[in-house]
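The lines below spell out each chain.
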Amino acid sequence: MSIEFPAFLTEPNPAVKPVTNRRKNRMPFLDKTLKTVAGTVKTMYVHSETGARDKVLFRINPLAKFFSFIFLIVSISLAHSIESQLLASGIILIFYLISGISYRYVYKKILVLSVVFGLLIFLPALLNVITPGKIIHPLFHFEKESQWWIYRIPQTIGITEEGTYVVTRLFLRVLNSISLALLYVYSSSFAQIVKGMKVFFIPNTFLMIMTLAYKFIFILSKTIEEAYLALRSRLVGNVKDKNIRSIISGRVFFIFKKSKSHYEQTYAAMISRGYTGKITLRRTRQFWLRDLITLLTALIAGFAIIFMQQYGKNS
Amino acid sequence: MEKILELKNIGYAYFGKNEALRNIDIDIHKGELLCIMGQNGSGKSTLLNIMNGLIFPDSGNVFFHGKEVSEKSLRESAFNASFRQNTAFIFQNSDVQLFCSTVFEELMFAPLQLGIMQEEAEHRAIEMLRSIGIEHLKNRSVISLSGGEKKKVAIASVLTINPEIILVDEPLAGLDPKSQTFVIELLLALNRAGKTVVFTTHHLDLVDHLQPRVIVLSEDHTISKTGTAEEILNDEDFLVSVNLIHEHTHKHGDEVHKHYHSHYVFHKHGKH
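The listed protein sequences correspond, in order, to chains A and B. Counted from 1, the first sequence has number 167 at position 167 by this note's numbering; the numbering is strictly sequential. Counted from 1, the second sequence has number 80 at position 80 by this note's numbering; the numbering is strictly sequential.
In isolation and in its complexed conformation, chain B is listed as follows:
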């Protein structure tokens, strides 16, 4: 399968001293569904920022379709336009991503910046509103939307550029169960439609739902394991070692249980 993004030996430290990533090597293929897992502070979001060319690694290189993504290469307007049009980033906090005055303008922002004609941009925005089921929000101000609505608008606003690869930072963060289900189904549908989807999470149930290829970042900001969803989810000792599950106590009637816990759907009860 064709490689879209290649990350070679990536290292990054905030302010040159707080290490966030070390020796990261990842190849992302066309049409792939990839999950980057790790506990809080393991460097997941930083990695997505690097993939999207928003920050640049201290060491190592990023390649998009074989061409290096760097500050210098992104100054070339042709490459910048091509890169931005093909890589979309959905931020964890939708508030920072939505900066236009109305939902419709939000959906048109990216196409207009990338030089798409207004008629075409409007057509795409209307189609996306219909597709995501948020037509009723068209003229609403973004500041008055609920968390779930904001997430839907944020997703729709990047899909209007028809990206090849979609980077999603913590897709379920701050969403109610209904909105979570919507986002999960949407990510699956996008992947089935041929889009490459890369997302970060520490929710094991999301990994179980989507069955992606999984890369797990460890506490020391390196890749500690790569595998299929099944391989990762079934390795409880490993999940404990990277703080993705922990021993948990709860009650069933008068009986107190202890077992490994995450929000993972395979809630394996047992006495330990």
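With the rest of the complex left out, here is chain A:
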């Protein structure tokens, strides 16, 4: 086979001056997409392997783990004292230590979520407008007391002792719930979480669809990552928005076609292996001593959290 190259291919390139204005080269949409997609791929990859770790909490029967988790969450919700919540925090911390998950790895997520959902939205409850009580830190002083809609605006608005107690308790409850949820997520692979859902008698077909979707998101993310990397490698300087839209729509169509072909072939592979419309999945039956110990520990811890409130201040 002899190939005759065009002349330009065998000569050195003349110096190319890309057409740019003074602005910095910006293609934030590409970088943002790539970063997000790469993050998704990494998270899914790491999480998919989570179940293979050789630690006690990772090897517990998914059903036992799921049931224990639910029971502890309910216990935390039923506990109405700061002391109970502090006990729950201590127990969860011990679970983290046993699991081998670095608390440092998740503490940022826990704090951010807890501050947003457990502190910021409850902040008004600190004030005597929402929670009447003994003012420990006055903030505003009016000439006289007034009424606005359903609220009575007192002469002095301030942080009350009761409000502080309520907000602390709610913050701890949210913090504990989030810590426990993340503990469950980080100590279970996706497969284990799906199996755990069998507690709620979710049909096998639905569980299979979830598994397929999970894998599909992974493959699709990788495809998008590759497509966008290829795009970035060929774009120089600032590209007009109109051109970008045209390029991206082409890529989106390519990804759509690829995903369609992928799902058609996966469906054929399922048919080939005996799928007839009804899915039979493996039953998880083996209950080991460690699973019973987990359930028992969760029961004892849950009841301890609930009963602890007897020794605390209820409101």
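Bear in mind the hints are in silico, worked out from the structure with no lab data behind them. All the given hints hold, so there is nothing to weed out.
Below, computed lysine-lysine pairings styled on BS3-like, alpha-carbon distance capped at 25 Å:
id, chain 1, residue 1, chain 2, residue 2
1, B, 17, A, 260
2, B, 72, A, 278
3, B, 72, B, 17
4, A, 258, B, 17
Sample of chain B residues at the chain A side, in silico, Cβ under 10 Å:
id, residue
5, 55
6, 85
7, 87
8, 89
9, 93
10, 102
11, 108
12, 114
13, 141
14, 157
15, 158
Here a beta-carbon is modelled for each residue, glycine too, at the ideal position from N, C-alpha and C.
The hints should help you fit chain B onto chain A, whose structure is shown.
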């Protein structure tokens, strides 16, 4: 020898206009090792899909142990179960074939769908993991496996149903040399164990390694030649005519050679 699959005058066109196969007649016998060769786009994969009852021909018929394989016959649950249990298909792209969350569940999927008891399915899965040498992958997620590992899992996942005939689409596609050697040896071992193996390829060295009966599909999607591996591999003019080898130039020191080339192990150097 007993016929397992018979394809009579098969014709198929994608969307009714892109012709993929024309007038294909093939008999596959029990215990046979058969290779379907052809250049890209000659219809090899389509043919395997038809053999596995995943798509149905526009014309002609497929028979499995004398019973026609059609959309209608595969709706009969008894025949469907028997057909699926005895024909296994290993896809070229392992990613589409592996859809369960862990390797062990992947191996158990087919037996469970075919009504095999869970204890027996588990036993088979464990035996297959050991046999293929992938016990260490048992609890791994399929998305985190390498290409070679995925291929091994894909093969193991269809062998757990103990099929009579194994259809393999491009067995060496995307594999590193070590994994390629493993797959070649595995196909040979399966055939020696009495399994009927049908595979597609355009790698002449694979044909040379396995010495199967060869059916070559031409550019016009018909069968252009059938013969033994030796007969096909030694007919260079024919291989050139069906685009399976081509003239190739390369250097040995300062000397430039030209010769017919494929990835075929009999790399016959000579000046042309």
